[in-house]
Amino acid sequence: MERLRQYLRNPKYWLYVSLMLLCVLTICYHQIEIALKIFLPITVVLIFSNIIDFPRSLVFAVVFSCILSLIIVDYQVLPGYSFRLGLSDTIIYVQVILLMIYLTLNPRVPRSRDFFRYPIALFFLAAIISLIVASDRVVSISYLLLLVTGYLLYRYIVVVFNTEKDVELLTWVCIVALAFIVVRALAVMSAGDPQARAGIFLASRTGFVFSGPNGLAGIMVMLLPFTFMAFYYRKWIVKVGVLLVFLVGIYLLTRTYSRNGYLSFMLSILVMAVLLAKMKGRFALVSLVVLGIPVLFVGTSVLLRLFSVTMFRLDPSALLRLVMWKSAINLFAEYPLTGVGIANFYHATRVVRIGFCHNLYLNSFAEMGLIGGTAVLALLIMIFWQLFGTFRVLRVGFSKYLNVCLIGSWVAFFTNHMFDQVCFFVDRTSEMKFFWLLMGLTAIFLISTRKPNVKQDAHS
Numbered sequence: 068m069e070r071l072r073q074y075l076r077n078p079k080y081w082l083y084v085s086l087m088l089l090c091v092l093t094i095c096y097h098q099i100e101i102a103l104k105i106f107l108p109i110t111v112v113l114i115f116s117n118i119i120d121f122p123r124s125l126v127f128a129v130v131f132s133c134i135l136s137l138i139i140v141d142y143q144v145l146p147g148y149s150f151r152l153g154l155s156d157t158i159i160y161v162q163v164i165l166l167m168i169y170l171t172l173n174p175r176v177p178r179s180r181d182f183f184r185y186p187i188a189l190f191f192l193a194a195i196i197s198l199i200v201a202s203d204r205v206v207s208i209s210y211l212l213l214l215v216t217g218y219l220l221y222r223y224i225v226v227v228f229n230t231e232k233d234v235e236l237l238t239w240v241c242i243v244a245l246a247f248i249v250v251r252a253l254a255v256m257s258a259g260d261p262q263a264r265a266g267i268f269l270a271s272r273t274g275f276v277f278s279g280p281n282g283l284a285g286i287m288v289m290l291l292p293f294t295f296m297a298f299y300y301r302k303w304i305v306k307v308g309v310l311l312v313f314l315v316g317i318y319l320l321t322r323t324y325s326r327n328g329y330l331s332f333m334l335s336i337l338v339m340a341v342l343l344a345k346m347k348g349r350f351a352l353v354s355l356v357v358l359g360i361p362v363l364f365v366g367t368s369v370l371l372r373l374f375s376v377t378m379f380r381l382d383p384s385a386l387l388r389l390v391m392w393k394s395a396i397n398l399f400a401e402y403p404l405t406g407v408g409i410a411n412f413y414h415a416t417r418v419v420r421i422g423f424c425h426n427l428y429l430n431s432f433a434e435m436g437l438i439g440g441t442a443v444l445a446l447l448i449m450i451f452w453q454l455f456g457t458f459r460v461l462r463v464g465f466s467k468y469l470n471v472c473l474i475g476s477w478v479a480f481f482t483n484h485m486f487d488q489v490c491f492f493v494d495r496t497s498e499m500k501f502f503w504l505l506m507g508l509t510a511i512f513l514i515s516t517r518k519p520n521v522k523q524d525a526h527s
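Every number in my numbering is 67 more than the matching position in the sequence shown, counting from 1.
Hints are computed from structural coordinates only; laboratory data are not their basis.
You may find that some hints are simply not true.
What the hints assert, rightly or not - Heads up, simulated SDA-like pairs for lysine to any residue below, C-alpha to C-alpha not over 25 Å straight-line:
id: 1; residue 1: K306; residue 2: T238
id: 2; residue 1: K306; residue 2: G279
id: 3; residue 1: K393; residue 2: Y428
id: 4; residue 1: K306; residue 2: L337
id: 5; residue 1: K393; residue 2: D203
id: 6; residue 1: K393; residue 2: A344
id: 7; residue 1: K306; residue 2: V243
id: 8; residue 1: K306; residue 2: V341
Please construct the entire structure, taking both the sequences and the accompanying hints into account.
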């Protein structure tokens, strides 16, 4: 019994268990080559765990799981919408859940403060209550499954990664993830599109990665602000590399023809430029960003896409959004307490058969009632309140620059989700994890800034 207790408290035991489960899973699905791909990073984790402490070595596997999007389960939950479970989700299920068991059993693991536990708890409570009136509980439970998976990733980050070193590490996770997305998108885009070659308007509006063009744009505008960390680092190779990722990212953003993406990116860059100018009085930087970045978007196709808001015959998406928003308001008025059921907007709306109303905030009120909608707004208000409050007291240094990047990322998230739901729907399995990744980074940043001796010096 004592030996069993020792095994349960050994973190490497849980890693070996997860490795075996992954191998069995992949072999059962006749994906031997995928099993080998999974074995390689986990082997690297085992090697690194002998050099540094075990929990931090697992960051490699978590990053790998966020980027990987190989699908092993794919079934249609709604017409035009599929629930996809990829190896990325499986890795997070196995590793994070088993690791949380280990952390629960180990009393020596310090517990960190979770700034956002109350609005998150309120959100899940509203989601569970909404199941009472949900007309399609299969869709609701599938969506809740994804939310719980992402929440476990968030809790894992908050519990384990709560030092200044971890904050910097996770910041680079966001930059590296953006670089992976850029490289993969370029590789897919280079294959070409027959419709695009035929010259059809918006035919080249390809998602490249994720569930579509708006999905790619939404994730990129959340990650692009972190490239501004190049202002902090002094090494020229870091500055050049990050700048290259930034420029290629902007190019790919223009290729998505996402109006939500354009608006979100411009607002986030504007806010960040003003904050950076307040830090060092760089008014020239503000002028360069505000006047220079729009030039990159000036092009015939991009301008046509922007002005298509009023061209309903050419592109009815703007008109459809207005119709769906009105429908969401009517649903909330009809079901103010419970909503129509989480992920059940498709079944409840009587006007347009679309899975969600392309506005996270109206959608939350429509599907989860007053409690759910209030929880979402309270979470975002709390995030901005904490970040802007921290910005006022920090001195210039790493934490100050990261604070600006986080504010820019959340401005992009808030703006983008006024017109879309990039990270929140049952078929957004990959996109949703980036929301929880951003939540985790924000939480541990706030935790680290509450500790004494916050890092303020510049890197050499």
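Against the structure, the hints come out as follows:
no. : hint           : result
1   : K306 with T238 : holds, 15 Å
2   : K306 with G279 : violated, 30 Å
3   : K393 with Y428 : holds, 13 Å
4   : K306 with L337 : holds, 21 Å
5   : K393 with D203 : holds, 22 Å
6   : K393 with A344 : violated, 40 Å
7   : K306 with V243 : holds, 14 Å
8   : K306 with V341 : holds, 21 Å
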